[in-house]
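Asker: Residue strings, one per chain:
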Amino acid sequence: MTAARVWMRSGSARRLLPFLVGMALALLLLRKGWNHEWGWALDQAAGTSSLLSPVTAGLIAHDRARAAEPSLASLAQTTPRGRPGLIGVLLGSLVWSMIALVLVAAVALVAAWRGGAVWPPTNWIALAEAIALLFAGAGVGFAIGAWTRNRAAGPLAFATMFVLQMFGGSLGVPEAFRAGGSVGTLLGLERTVSVSSSLIALHLCVGLLMLACGDAAGARGITPLWRHVGVWTSAALLLLSGAVAHRQSQLHDPLRATPADTCVPGPVTVCGPRAARPLLAQAGKDLAAAQARLGKDLDWVTDYELNRSNRPERAGGVLTLNPELMRDGHLSVDDIAATLTTPRPCAGYFAAAPPVDLMAAQSRVMEWVQQGLAGSTPTHATSDIKSAYASLTGCPVVKSDS
Amino acid sequence: MPQQCVFPGNMTALEVVEYLTWMRGANSGDARRRAAEALDLVGLQDRQRSRIRALSGGMVRRVALAQALASNADVLVLDEPSTGLDPEQRRTMVEMLGRVERSVLLSSHVMEDVVDICSRVLVLDSGRLLFAGSTDDLASAAPDGTREDRRAEAGFLRLVARGRGLQ
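Residue numbers (the working numbering), protein chains in the order written: chain A, 1 to 402; chain B, 1 to 167.
Source of the hints: derived by calculation from the structure; they are not laboratory data. Glycine included, every Cβ here is placed at the ideal spot set by N, Cα and C. One or more hints might be untrue.
[As the list claims (entries may be wrong)] Covered stretches of chain A (chain B as the covering partner; in silico rule of three or more C-beta atoms under 8 Å from a C-beta of chain B):
id, region
1, 67-75
2, 284-293
[Claimed, not checked] The following residues of chain A were derived to be distant from chain B, with all beta-carbon distances above 10 Å:
id, residue
3, R15
4, W119
5, V397
[Unchecked claim] Some but not every residue of chain B turned toward chain A, in silico, with C-beta under 8 Å:
id, residue
6, C5
7, P8
8, Y19
9, L122
10, A142
Sequences and hints are given; from them, build the entire structure.
Answerer: Here it is, written out as structure tokens:
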């Protein structure tokens, strides 16, 4: 399409591409730990849309306002392809924003590959969410540019999209105007496809509706095509918003835990999701080394599992693994201590009342473990520590039917 | 061709003409070819890749003329085409329009342009037709004793004054 090609070459986004990519990369690299898993890496890359989307809106609004300069505007209104031609403004910048997003995702994937993440990536839908959000931002920018037609268009569109991202969720649709960007590990977690699909559809509808509004604002009347688009996307928006609001509980929890489906055997066997296998192997080695260092005073559990809360009825310890806390590829002392002091998924952890006794016992053992791992010589466990650990290993677990 | 020609400064001359030609219905390949030909015709073959912001006012008006020429329309409607041009640029434009093998409807207050470009003249004042005829007829309306190169302008002024009941 000639219009899109011309605006790709002459629009503002092309000149700002290095800036766009730089900003998005800075946002990506500010966070640590995500490079150990594909899902989290893709999620973080998609999360840069929180910056790319308002910037895209601003650039498109600026270019659309610039296209309203007398000569182009009068010709756009009197030529057969005048109005479709102006949509080239949107497409031109949107393509560059998508290129920026893809470049950032590529960097994230390379980092994850070098970080030892296990193929295949599992979270591609986060990128689709981000692209849909970019389209929504593009639509908002187009409408504001067509309506404002002056230098304020760009900053106004940027601010509008930014505010929508900040407060969109409080309009009754959780996660509205957001994509990706989990702040925690996605080990064993996946995006809920129905939630992501709803949000993608919602953002595409917003983009289309704003495009129709922008076309109507920039012309002397709305064409039958855009009238249909406006009516149908409005109806779809209402339905989607209703459906999303109706399923609030699911949308407040857009991540779904997957059961541990792989185990890495060794002196300490560690189980978890397949995507985390390299981390599980390292965790097993680190836990075994820690147990050896602490001595045999305690009857250590040698079977741990990530996401055990998913099926607490199984015996064995609960693995705590925060990739962002890892240093030089090793589990943090805090994670090792937390894992060693959770040797059994006690029912008390899942009870309504706080498990005061359990937590006190865990605290005593944890203090001893941390001292033992930090000190140069191992200390023997006192009878108090042994008794506390015994209470942790001897507690009742949750039954599968509970 | 509009009187005021304001195009986005980041676009090249070729892009402006190509884009507007495409908006008029030409397919992509045709739009590009016709844009290049039209820019050749207005003498901007060496400035096709120059951005609008890098062109002089006269060159921008030639770009505007090129986009009109590239349209392949049977009739070109030009509104004050020589506004803002220096004498040399104006001379170039007049010569260019002389080469155009299409009907040209020119709107202008500059009688020099009218005489150089047009074969038939209509004088309108507040929507009223005051005169219709050739440029020679317009010149013949000038008072006796008017310099030869000022006769068209003098004729125009006399017609307007007469139309307004001032003579």
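Asker: If a hint holds in the structure, say so; if it doesn't, say that too.
Answerer: Taking the hints in turn, this is what the structure says about them:
no.	hint	result
1	67-75	holds (count 7)
2	284-293	violated (count 0)
3	R15	violated (8 Å)
4	W119	holds (41 Å)
5	V397	holds (67 Å)
6	C5	holds (5 Å)
7	P8	holds (5 Å)
8	Y19	holds (5 Å)
9	L122	violated (23 Å)
10	A142	violated (36 Å)
Taken one by one, the earlier hints fail for this structure at numbers 2, 3, 9 and 10, listed in ascending order.
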